[in-house]
Every structure is written in structure tokens, then in C-alpha cells.
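Trainee: Single-letter residue listing:
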Amino acid sequence: MADVTLNDIAREMHVSAVTVSNALYGKKGVSAETAEAVREKAVELGFDLSKYEKKKRSGCTIGIYASEAYISVGDSFYWELYQKTMYQAARRHCYTMLEIAPMGEENPPFPQMVTEGKIDGLIIIGKMKREFLESVLAAARIPVVLLDYGIPELPADMVLSNNYVGAMRATQYLIDLGHREIGFIGTPTTSENVMSRFLGYRRSLMANHLPYRSEFYVEERDRRTEDVDGIPLPEKLPTAFFASSDYAALFVLEALEARGIRVPADVSMTSYDNYLARRPHSNPFTSYNVDMEQMAKTAVKIILRKIAGDDRKPSFHFVDSELVIRGSARALQK
Amino acid sequence: MRPRKKIKMEDIASQMGVSVVTVSNALSGRKGVSRELREKIVRKADEMGYRSEETVKKSAEPEGKIAILTREEDFAGKSGELTDFSGAALTAEKGRMSGEQPASAELIREARRINYAAVPFEMRGGELPFNPEKMDGMIFLGRMKPETMENYLRCGLPAVGCGFYDLHVQMDYVVDAAYHNMMDLVRYLAGLGHRKITFATVRPGAASSMDKMLGFWASLVRMGLTDFDDQCAIENISKYTAERAAGCAARGEATAIVCTDAGTQREVMRLLGERGMRIPGDISVAACGGLSGIKEEAEAFTACLPDLHGIAERTVHFISRQIRKGAGPSGIHAVAGVMHVGQTTGLCWNQKTR
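In order, the protein sequence lines correspond to chains A and B.
Each position in the first sequence, counted from 1, maps to that position plus 58 in this note's numbering.
Each position in the second sequence, counted from 1, maps to that position plus 61 in this note's numbering.
Wrong hints could be hidden among the right ones.
Cβ pair distances, simulated, as ranges [stated by the list, open to error]:
1. A/S193 with B/M338: 36 to 46 Å
2. B/L286 with A/R282: 16 to 26 Å
3. A/D287 with B/R331: 47 to 57 Å
4. A/R370 with B/L286: 29 to 39 Å
Computed cross-link-like contacts, BS3-like style, restricted to lysine-lysine with a CA-CA straight-line distance of at most 25 Å [claimed, not checked]:
5. A/K359 with B/K386
6. A/K355 with B/K386
7. A/K142 with B/K386
So, partial list: chain A residues that the calculated Cβ filter (under 8 Å) puts toward chain B [said to hold, decoys possible]:
8. N220
9. V223
10. Q230
11. S272
12. F376
13. D378
Hint data in this document are derived by calculation from the structure and do not stem from the laboratory.
Beta carbons: idealized from backbone N, C-alpha and C, even for Gly.
Please build the complete structure, drawing on both the sequences and the hints.
Mentor: Here it is as C-alpha cells:
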């Protein structure tokens, strides 16, 4: 069936096409009743209104949902990501509304701002339970974007740091410095992000024909509780480590120092995030940058596009960046 | 090739000290202007870069020019290093696949949409095949040696790599999301009830094959079909040949096979045929990327294909961002593939007995 045009509506309503257009755009010269009737007719006939709704998109309200754990402490990675998202939305003349998932709850409650119809789109920041995300995606009649967390099979737009490529960049850097024995630090089973970083690390080894050595694989936290309690470093160390986060790298650094091993003199390290909470200016690691600003920008751009009626299939959006070189890795002397 | 301030007839008239009507008459070849004056006005108009509305409409001169660079040897179809995206496209351009939209045609179309003219060049040796003064940007279509790219980048033009990436050459890249596409494909098969899924490749060394191996392994872990702690299994996957996969299928050890590309899929299907196995009755076979160069095959094969259009659109987006806004490189951008369900996959045959 051919698309419904302005003329079709005009013919049905016995008015001119110009009147229809003015009515849909909300311009002057059309009485409120006629405008309302035209809009109703347009919906009835299945006319594509997305073009006209675009006009209204500034001034919409974007809901942001994040875990209390991240927001309460302030000065954390997610606090900063929240702030940047809020800023990007404000720059585009949108309001934002924050709702927090209470700490310590196994299943966070359904966001109230969605049920109360207070928002035009929802951005969920950080890791959430799969069941929760599924229920939100199934019930929300507004666009939803997941920021910095993704589950591959979920039908949602996901904005992520380029975990796989970032880990490759950090590992390749060590290889280019002459390192051949490179360990991994991280617990991939706790998060999709870390899993992708682990595979990026493996990909670099493969591409450079370096064997994977399981004795140099170190999990820094408990798989279930995710608590960090002593790093089980191997007795014989590799010449370098790639750590899946600066946070993990910090624990390893301390564990190494406790054994009298110096970084980078004895062991080189690269890591991921380029972010250490509360010590932004004393991050010692050569680290892959998570470009929070670009991620926030992308998330807001996508949600506004969706609010405006874009019906593209949801997809992932990876934000790449670069390795920030500091002093934690050195060239290996042959 | 930046758009200049538009020159009007008034500008010419004031420069020449004549009336606008005279200029108009002179340029449109009407009477009332001496031959001498007309020639002067035409010369002046040309010099000032005047273009009449009509000429603008007629020529619709593009804002700039972009070179699409492809390697000569890619056309020979012998390179195993090629990514699926450009590889398939280049094969297609050699005329083996009719009626399909190859990569550079997509790039040309996308460029035109934003008022750029994209022109394909075959690279021969280290020389630039065009005058960089008359070009606004370059698109490297398909993997090239880093030295070659560095050499080309020396001319200072904005550049985007399309269909591949190289960590050692800093620029924008737009690639097929091979790793994630493989996860999509395995998930699709799992949705049909398959639990015994194996992998096959005839080109384990290719960059994208490695991404697909890792994507395959990650999918199995996600679905609980492989133990995460069995990490050495990753390296073994690179040894999974077409013969091995066909053998697994014949012994009932697999009900579905995922292949890295159309070439592998073809080979696997040939070997299965030799063993008298029916597709998809006995075994499902799907590929991740790698358009077949043969149209009928491309339609029949179930595959997660590179989104040619999406990749071209992003490539042109990034090059225009550099040209128009002077933006610096922003890294590697992966574009999700599109599932094509053909006739080579079906419901898992032993699903009921499970």
C-alpha cells in the first residue's frame, strides 16, 4: 500500500493540503478544533507523523536510572558519566530526571518515572540485572538506551566503550615494547565488559603468534561476591600485565610492591579506563581511555533520535579512544 | 575546494562599471551588448567564479572529491588476508556477482548524498594515483600494508579505512563487527534449538577469522555450552577445518556448523554432500560474513552479512567530519551485520528427543 500523503488527509477532511500541513506543524491560521481533527484523521489513516513530531523534540525530558551505589558516593566513574549525560542533554535543551535503584536490592523496582509517564526516553547507566533490563524493555513504551552496560541479545541500543579494541590497543602496546610474556588481570565472568576486554587481550596474543599462558591469568575479585581480597599473583611473574581496569591494576601494583617488585622496572603494566576515583591526577598507569564525554554524547543523540521517531533496529554503539601513555610500561631490553 | 562566497551579477556589474541588465544580456548572449564588451564581461565573470543559477542546477558541482583506494592484487582474488567486506565487494566488482551493490558503489552513492564525488582508484606501487591538490580525502577500501598507508597519508589528506583496521596506523576505521556478528549467528542457531554447534574455517590466519573464533567461543560460554575455565579451547578453534566440521556432523557430534565466510560454507557443504548428509535436514550450516560471489548462493546461504550500506554510510560520515569540521581521528567503529536467513539452516532435528 502506498504511503498516506498530506493530500489524502486533505481529501478526506475536505480542506486544502496547506491547511493539513499547518495543522500538523501547529502553525497559525488553523482553528484548534480543525487542527485536532486533522491530527486525529492523520493517525487514523496511518500517516507518518514522525517528521512533524521532530519539531517538538527539544524540551523533552530524559530519565536517567542508575544504581544508588554509584550515585551516593559521588566522585565515581558513574557519577561522572551521569554528570556528563546530564550536561549533554541540557545542551540539547532537554531536561533530565534521576531515579536511583536502591542499594542492596536483588531486583531493583520498576522505574517509577516510566510508570508515571514523566519522561520521553530512558537512559540506564551501568550494570543492572538482566531480568530487570528485560522487564523494562518489555514494558516501557518509550525509547531506552543502555549506557556502559550491554547484554548482547537484548533488543536495546547500547552505548559502550570499545572494550574489545581498547584491550587490543593496551596489549599491543606492550607487545610493541618487546614483551612476550603478558599476563591478564580481571574477572571476565563478572561482566560483559571485562569479558570483551579479556577476548581483546587474547586476540592480540593470537595476532602476534604469542602463546596464551594460563599461569599468568589472574582474577582479582571473587566471582560471586565481586569482593577484592588479596591478589593471587603467581610466584613466577610475566614481564608485563594487562589489567582490565585501573582499579584492578592498583591492587596488583600494591601486591607487587609488597613483594618488592617495581613497576615498570621489573614488571610493566597497562590497563583500562584511564580513570581512578578520587585520584584523577595521580593515575600512574598507561591506560586505555574510556571516553565518557563521547559516550554521553552518543547516548543522548540516540535517545533523541528515537524520541523523534527513528525506528532503526536497536544496535550497539562502541566508542573508541586511545591509550594514554604514562610511566607504567617500559621497553624490554633484549 | 571549499565553497566560496557566491558571486552575483551585481558584483560583476559594479566591477565593470556597467548595469546589471548589461551583464545579464552579455552572459545570456542577448542583443544590445557589443561583441567586445560581451567578451570582457564573460572573461570577468569567469575570473570572479560566477555561476548562473542554471549552471549550478545543471552541473550540481560537488563540494569536494574523495578518492576510493583499492589494492590491485585484491582484484586477483588470491589474498587470504582480505576482510569479508571489501573482499566480497571487490569480487563483485569484477563482475562475478550481478545485480548486487558492491562496496565502492555504495561509497559513491553515500558520498553523492552529501554532495561529494567519490572516485575509485587502483593502487599500483607507492605513487599516488591522483593529484592530492585536487582531492579532499581518501578512503582505503580493504586492508593494506601499514607502510603503504603511511606513505599515502604523507600527502596530509583526511583518510578513513573501510572494512579493516590496523592498530599501528592512526586514523578512522569503519569495520564489520565480526566478533559480535558471530555471537548473533550462534544465538540464532541456539534459537532453533541447536546445542551442539561447531566452527569451521578455511582461512584461520585472516584477521576477521580470529574475531569470529573469539566471538564463537564467547557465545558458547554465554550459553553455558563451554566452561569459561577451559580457556585453552580458544587456540584449538583455529584448527577447526572444514573436514573436521563435516566429520563431527557425520558422527552426530554437531547439529549445526558456523563458518567464517562463504568460501568455508561452500566447502563444508560440499564435504557434507559427499557424506550424504542433507542440509538443513541433517545439519544446519551458516556463515558469518563473506558474501558469496555467486548470487544464487548468496540468497540460499544463511549468514550474518556485513551491512554494506551501513558501513559505507559511516565511512562517508567520518571522512566528511574530517573534511568539513577538521575533526581528528576517533578510532575504530564497528557496524553490526544483518542476518540473512536462507535455506541452509533449520530447526534442530533431535530437539524433540532431548
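Trainee: Out of the numbered hints, which ones does the structure contradict?
Mentor: Violated hints: none; all satisfied.
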